[in-house]
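Let the sequences and hints guide you as you build the complete structure.
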Amino acid sequence: GHIFSPTAKDDDAMATTDPFSASVIPFEVPEQMRAFAEKGVSQARDNYAKFKDAAETHNGTIEAVFTTASKGASEYSAKLMEIMKANTTATLDFAQELIGVKTPSEAMELWTSRAKKQYETFAAQAKELAELSQKVATETVEPIKTNASKLFKPAA
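Here the sequence shown is numbered in our numbering, starting from 1 and rising by one per residue.
Nothing false has been slipped in among the hints.
27 angstroms max Cα-Cα, derived DSS-like pairs, lysine-lysine:
#1 LYS52 / LYS135
#2 LYS71 / LYS85
#3 LYS79 / LYS135
Calculated directly from the structure, the hints in this document are not laboratory data.
All values derive from a computational prediction rather than experimental measurement.
Written out as structure tokens, the structure reads:
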């Protein structure tokens, strides 16, 4: 990997545009680590904005067509929004913490801790979504089962 070390002529431009500049972090940050952190923050913001727009656009359509399915879809969308918001916040918090580290070993410790926390969070979120999906599927099928049993009731 290349070590990020701006040249003297880049210092002025870097100070205003690069949150990971040498003036903020008192040691040289590997280019890949800096790029990864920047990309993560940018992707988290983009994904959140895209998902929020899609969820808001599609929920109105679903609600107009299927009452029961809509309730489930709204619950699921709300849960996804909550998860996206939490993940975006965690990514931004991590970037802020990374800016504040003083040594490469502190950066690696933070990185390792973040990876472990991220895995545990992802596992918990996946479990929550699976449970909610099961609940929504059951609730969505219930009115169909109820109406079908009325249709096929033997004549008295």
